[in-house]
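Generate coordinates for the entire structure from the input sequences, incorporating the hints supplied.
Sequence lines, in order, name chains A and B.
Start counting the first sequence at 1; every next residue gets the next number (my numbering).
Start counting the second sequence at 407; every next residue gets the next number (my numbering).
Any given hint could turn out to be false.
[Unchecked claim] Using C-beta positions, here's what the derived DEER-type ranges look like:
#: 1; chain 1: A; residue 1: Ile326; chain 2: B; residue 2: Asp469; range: 49 to 57 Å
#: 2; chain 1: A; residue 1: Lys164; chain 2: B; residue 2: Ser436; range: 54 to 62 Å
#: 3; chain 1: B; residue 1: Asp417; chain 2: A; residue 2: Gly182; range: 18 to 26 Å
#: 4; chain 1: A; residue 1: Arg246; chain 2: B; residue 2: Lys480; range: 33 to 41 Å
Just so you know, the hints here were simulated from the structure itself, not pulled from any lab data.
The C-beta atom is built at its ideal place from N, Cα and C for all residues, glycine as well.
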Amino acid sequence: MSKKPKIILHLDGDSFFVACEVSLNPKLKNKPVITGFERGIATAMSQEAKKLGISRGMPVFKIKKLYPKVIIVNSNYHSYEMFSQRAFNIVRRYTPFVEEYSIDECFADLSNLSNPVKIAGEIKADLKRELGIIFSVGLGPTKVIAKVASKWNKPDGFTVIEPKDIPKFLKDLPMGKVWGIGPATSIHLQKLGIKTALELIERPEEWARDNLSKPELERWFELRGESVYKIHTEPNDNQASIQTTRTFPKTKNKEMIFSELSKNIEDACSRMRQQKLKSKKVYLFLKTQEFRYKRAEMSLLSPTDSPTTVLNAIRGSFNFLYDPSIEYRSSGITLSELTPSRNTQNDLFGEVVKNDKKNELFKVVDKLEKRFGNNIIQLSSSLNASKKRGLHAERRLWIPCMGEVV
Amino acid sequence: MEELEDTLSLDEYLIGNREATFLLKVKGNSMQDAGILKGDLIIVERGKTPKPNDTVIIEEDGDYKILYFPKKSKTQINVVAVVTAVVRKLK
Numbered sequence: 001m002s003k004k005p006k007i008i009l010h011l012d013g014d015s016f017f018v019a020c021e022v023s024l025n026p027k028l029k030n031k032p033v034i035t036g037f038e039r040g041i042a043t044a045m046s047q048e049a050k051k052l053g054i055s056r057g058m059p060v061f062k063i064k065k066l067y068p069k070v071i072i073v074n075s076n077y078h079s080y081e082m083f084s085q086r087a088f089n090i091v092r093r094y095t096p097f098v099e100e101y102s103i104d105e106c107f108a109d110l111s112n113l114s115n116p117v118k119i120a121g122e123i124k125a126d127l128k129r130e131l132g133i134i135f136s137v138g139l140g141p142t143k144v145i146a147k148v149a150s151k152w153n154k155p156d157g158f159t160v161i162e163p164k165d166i167p168k169f170l171k172d173l174p175m176g177k178v179w180g181i182g183p184a185t186s187i188h189l190q191k192l193g194i195k196t197a198l199e200l201i202e203r204p205e206e207w208a209r210d211n212l213s214k215p216e217l218e219r220w221f222e223l224r225g226e227s228v229y230k231i232h233t234e235p236n237d238n239q240a241s242i243q244t245t246r247t248f249p250k251t252k253n254k255e256m257i258f259s260e261l262s263k264n265i266e267d268a269c270s271r272m273r274q275q276k277l278k279s280k281k282v283y284l285f286l287k288t289q290e291f292r293y294k295r296a297e298m299s300l301l302s303p304t305d306s307p308t309t310v311l312n313a314i315r316g317s318f319n320f321l322y323d324p325s326i327e328y329r330s331s332g333i334t335l336s337e338l339t340p341s342r343n344t345q346n347d348l349f350g351e352v353v354k355n356d357k358k359n360e361l362f363k364v365v366d367k368l369e370k371r372f373g374n375n376i377i378q379l380s381s382s383l384n385a386s387k388k389r390g391l392h393a394e395r396r397l398w399i400p401c402m403g404e405v406v
Numbered sequence: 407m408e409e410l411e412d413t414l415s416l417d418e419y420l421i422g423n424r425e426a427t428f429l430l431k432v433k434g435n436s437m438q439d440a441g442i443l444k445g446d447l448i449i450v451e452r453g454k455t456p457k458p459n460d461t462v463i464i465e466e467d468g469d470y471k472i473l474y475f476p477k478k479s480k481t482q483i484n485v486v487a488v489v490t491a492v493v494r495k496l497k
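Following this line, the structure appears as structure tokens:
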């Protein structure tokens with residue numbers, strides 16, 4: 001299968017709803033707290049409440065009667081959603097490949113980073129320091145294994161499962177506890193004589209292909225550390241991308257505006273190189289003094305992380321967008337269709353990129369432009385681009401309130 | 407800000423780290439000389455490392471308190487956030 005194992009991160013908020021409440025109200029710290037008063041059942045429990053024996057779904061009247069000291073609060077989903085979005089944004093500081101799996105869980109692909117374990121630690125620390133919320137962290141070669149890892153030491157866990165250590169972690173793991181294995185599947189596997197995850201992966205591939213259903217076979221691969229499930233990076237239209245914008249004093253000066261764009265590109269490319277990514281698609285916008293956006297998008301011939309290549313690709317569109325009678329106030333670049341650097345194929349550009357001589361590069365770009373014309377740099381209607389990216393959408397910035405201070 | 411521009415987004419002006427920003431309502435006049443008055447709304451940033459004399463929010467016995475971050479302290483101070491802006495409506 002794949003040559004180099006992936007490194008998948010799974011983050012799982014510990015008692016997430018309650019953790020959000022505690023983050024905003026220090027009086028709740030270290031106390032037995034549950035959310036769900038308005039629903040009449042416990043929707044989340046603090047560690048202290050769990051220790052008392054309260055579990056999810058337990059009726060509030062019963063909790064009040066049995067555990068009078070427990071603090072029962074209303075759920076505030078708007079606030080939890082805010083914390084959730086902030087948490088995912090914090091993860092995106094390190095990689096654009098983030099899958100928002102649920103309100104308090106996400107996957108991220110850290111395979112391209114040079115020190116994924118250290119980065120995972122930094123993400124966990126950022127989340128605690130900036131949001132006051134503790135997430136359990138799991139790292140593994142597949143999504144299913146990353147899930148096993150994040151559950152391993154919950155709460156406040158940090159577990160790395162390397163491919164060679166997989167059997168150790170699966171030895172006592174009942175199949176029913178594996179992500180995506182429901183009671184029916186678990187019974188089916190038991191009939192085949194498989195109770196633990198280790199027993200499953202010890203079966204040979206031929207047996208697995210003959211006896212397992214498709215989802216079971218997928219787990220057979222994933223549990224062995226061979227990645228089947230991809231990270232779905234489009235949560236809400238938010239494609240994995242790297243964006244930079246710059247605001248400058250209003251100006252009509254063409255050179256100045258182009259140099260701002262050039263800085264945008266340098267910033268974006270340096271972030272790509274840090275994350276070991278290359279991009280195949282560039283969006284560019286100019287914002288006028290009247291807050292009108294002028295946009296263009298271009299497909300690059302092959303994925304690149306070179307600012308010179310991107311700059312040259314946008315030059316034509318910039319000339320097209322720029323109107324000397326209009327004052328501009330900001331510019332931005334979005335690089336999308338990101339791929340890991342090591343997977344980048346050297347087509348057409350290949351030889352030249354290796355060469356890394358700017359002049360050579362310019363020559364080839366010119367040649368290609370002559371040869372392929374508009375196929376290299378494609379302008380699309382600005383309206384379409386704006387619709388796609390939703391930059392016009394007015395977004396309110398909500399900020400959680402931590403109450404009062406004396 | 408380097409230069410006062412014609413237009414300004416208050417969000418961008420007042421907020422640095424969006425993920426770490428929270429609000430608090432001021433209930434007392436203890437920080438009067440820092441220009442923070444009773445009834446003000448303050449914008450705070452969590453996880454920021456405070457410098458001496460920064461206005462900070464600390465947690466003490468389940469309450470938030472506002473004070474200057476001291477140069478030296480004998481006891482450990484549990485800083486939750488650094489105050490980065492004050493919002494006061496006049497009407």
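We went through each hint and held it up to the structure:
no. : hint                            : result
1   : A/Ile326 x B/Asp469: 49 to 57 Å : holds, 54 Å
2   : A/Lys164 x B/Ser436: 54 to 62 Å : holds, 58 Å
3   : B/Asp417 x A/Gly182: 18 to 26 Å : violated, 44 Å
4   : A/Arg246 x B/Lys480: 33 to 41 Å : violated, 47 Å
The structure is inconsistent with the numbered hints 3 and 4, although it conforms to all the rest.
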